[in-house]
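**Student:** Chain residues, written in single-letter form:
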Amino acid sequence: MADDKKSGGLSQMSEQVQASQAWSSIFRPGSIFRKGYSDSPRNRSYVIMNSVLYHLHPVKVKRHAVKVSYTLCLGGLSFFLFIHLTVTGIFLMFFYRPTAAQAWNDIQTLQTAVGFGLLVRNMHRWAAHLMVLSVFLHMARVFYHGAYKPPREFNWVIGVMLLQFTLLLSFTGYLLPWDQLALWAVTVGTNMMGFTPVFGEQVRFVLLGGVEIGTDTLLRWYTLHVLMLPFVLVIFLAIHFWRVRKDGGISGPL
Amino acid sequence: MTEIPEHLRKRAEAAKAKAQAAAGGDAPSADALSADALSADAPAGAAPAGDEKIPSHLLDRGTAAADMPVAAAGVPAVPAGGSGPDGHNQRLLTVVKSGSIQDTRATPVDKVHVWPHLLVAEFLSALAVTLFTLLFAIFVNAPLLELADFNKTPNPSKAPWYFMGLQELLTMFHPMVAGVTIPGIGLFLLIMAPYIDKNPSKRPEDRKFAISLMTIHLMFWSVLVMIGSFFRGPGFNFVFPWNAGLFFEL
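Each protein sequence line maps, in turn, to chains A and V. Okay, so the first sequence: first residue is 1 according to the working numbering, each after it adds one. Okay, so the second sequence: first residue is 1001 according to the working numbering, each after it adds one.
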């Protein structure tokens, strides 16, 4: 990662790669980079400054901030898993209809008759569990580093909201296969929410789109899962990332 | 010689009278008169010493320059142009400290370029996670049980694993407490953490209480999730998975 710490073998390898014909044909001036790419501080800055990445990263960060042992990449991985889930989820949407009569059959067909259907569904499912885990671990990491302290208090609040949206996204997706596991897990969950004081019945009615789980619930949770919650999550993500930069990058060493 | 404006001449005369009174009636020379006029003209040089924005050594220099001609009134070596000591004819008007107009940082920040140092790490970790989910998806299938059936309640019925802690609490408390009150208070405290924990230090040795509290909290939920997931069998009774088997689907 850090070029000054690179081992002898690695730098030798990168020299060999850069001397190869494939490398020079790709990176010669006029190929991908109109004026060629050579490794200089100026070009390193331009890679960020002249691309959409500038919305996400500054040109330079504190040396401490790139230590993988400090962040364990958890925040970035949570974001990456969100992208991963969006991509696989869009694939799944092509083969799925959110009605009680068709949902389960569509999943069955997806798994047996659609190329890579089973694989993509598996990836979507495991990445979803992994995202819940990585968001949770990211929160623990931030807490143990005291990174929620001023000036980052508000970003912690946004982060806890993001954790809740992640759980809600995962939970709304849980119902969609319309199998026994989905139905009864959601029954347990929504029954619990029905015990909200004062508004219990209303909360449950709004969540289920009726007095009991059925096609209306499926449509409601599908819309929440594929549209509304991701939309809200992305807005909060934007605020989260923006605040990371405005608050002076990630927190410093302990 | 240029004409001296009326108000300046009056001021100079007043200063002259004052100096005469102080010097005990010494006969003033023409040079002393002009020097007096100058010092009255620019009172900044004799500014009160209480102004602490100007370093004292610079202030002394300014005062000395203003006083010098008066003290050496009788010495004819002072040129008629009104020069100060050592032939200087400038006078200190003000001192602007560097901090007020320049932001000087005590320690320069050690920074590295995002490309390649950060982007390579991010790219590699994203690649690793993609590889992990791909391999996991190839070898382990996501569960798809039989079609949902309202007349067939599976025994036990379990919530998704991240809500197992709550379901586990249901065995101990009234549903309103377990399902709404406890998680509600927990989430509220979690959101308020930075506003409750006012300790400014980030070092673990200074935050033993906060770290212990969080660790206990996390352990509490993890243990509940694990008991709920792995140690609950039919009727949601406590079982050992190595005896009764595993009642858990992801």
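Bear in mind the hints are in silico, worked out from the structure with no lab data behind them. In this text, a Cβ means the ideal position worked out from N, Cα and C, and glycines have one as well. Please note that the accuracy of each hint is not assured.
What the hints assert, rightly or not - Derived lysine to any residue pairs resembling SDA-like cross-links, with alpha carbons at most 25 angstroms apart:
{"no.": "1", "chain 1": "A", "residue 1": "67", "chain 2": "V", "residue 2": "1203"}
{"no.": "2", "chain 1": "V", "residue 1": "1202", "chain 2": "A", "residue 2": "150"}
{"no.": "3", "chain 1": "A", "residue 1": "246", "chain 2": "V", "residue 2": "1205"}
{"no.": "4", "chain 1": "V", "residue 1": "1208", "chain 2": "A", "residue 2": "15"}
{"no.": "5", "chain 1": "V", "residue 1": "1198", "chain 2": "A", "residue 2": "248"}
{"no.": "6", "chain 1": "A", "residue 1": "67", "chain 2": "V", "residue 2": "1205"}
Unchecked claim - Quick look at which bits of chain V chain A covers, simulated, 3 or more residues with Cβ under 8 angstroms:
{"no.": "7", "region": "1017-1024"}
{"no.": "8", "region": "1119-1129"}
Said to hold, decoys possible - Here are a few chain V residues that sit away from chain A, every Cβ distance over 10 angstroms (derived from the structure):
{"no.": "9", "residue": "1006"}
{"no.": "10", "residue": "1007"}
{"no.": "11", "residue": "1096"}
{"no.": "12", "residue": "1136"}
{"no.": "13", "residue": "1142"}
{"no.": "14", "residue": "1144"}
{"no.": "15", "residue": "1163"}
{"no.": "16", "residue": "1185"}
{"no.": "17", "residue": "1187"}
{"no.": "18", "residue": "1209"}
{"no.": "19", "residue": "1243"}
**Student:** Now tell me, hint by hint, if it's right for this structure.
**Tutor:** Hint-by-hint comparison with the structure:
no.: 1; hint: A/67 to V/1203; result: holds, 18 angstroms
no.: 2; hint: V/1202 to A/150; result: holds, 10 angstroms
no.: 3; hint: A/246 to V/1205; result: violated, 28 angstroms
no.: 4; hint: V/1208 to A/15; result: violated, 49 angstroms
no.: 5; hint: V/1198 to A/248; result: holds, 20 angstroms
no.: 6; hint: A/67 to V/1205; result: holds, 22 angstroms
no.: 7; hint: 1017-1024; result: violated (count 0)
no.: 8; hint: 1119-1129; result: holds (count 7)
no.: 9; hint: 1006; result: holds, 61 angstroms
no.: 10; hint: 1007; result: holds, 56 angstroms
no.: 11; hint: 1096; result: holds, 29 angstroms
no.: 12; hint: 1136; result: violated, 5 angstroms
no.: 13; hint: 1142; result: violated, 4 angstroms
no.: 14; hint: 1144; result: violated, 6 angstroms
no.: 15; hint: 1163; result: violated, 6 angstroms
no.: 16; hint: 1185; result: holds, 13 angstroms
no.: 17; hint: 1187; result: violated, 7 angstroms
no.: 18; hint: 1209; result: holds, 12 angstroms
no.: 19; hint: 1243; result: holds, 23 angstroms
Against the hints set out earlier in the document, violations occur for numbers 3, 4, 7, 12, 13, 14, 15, 17.
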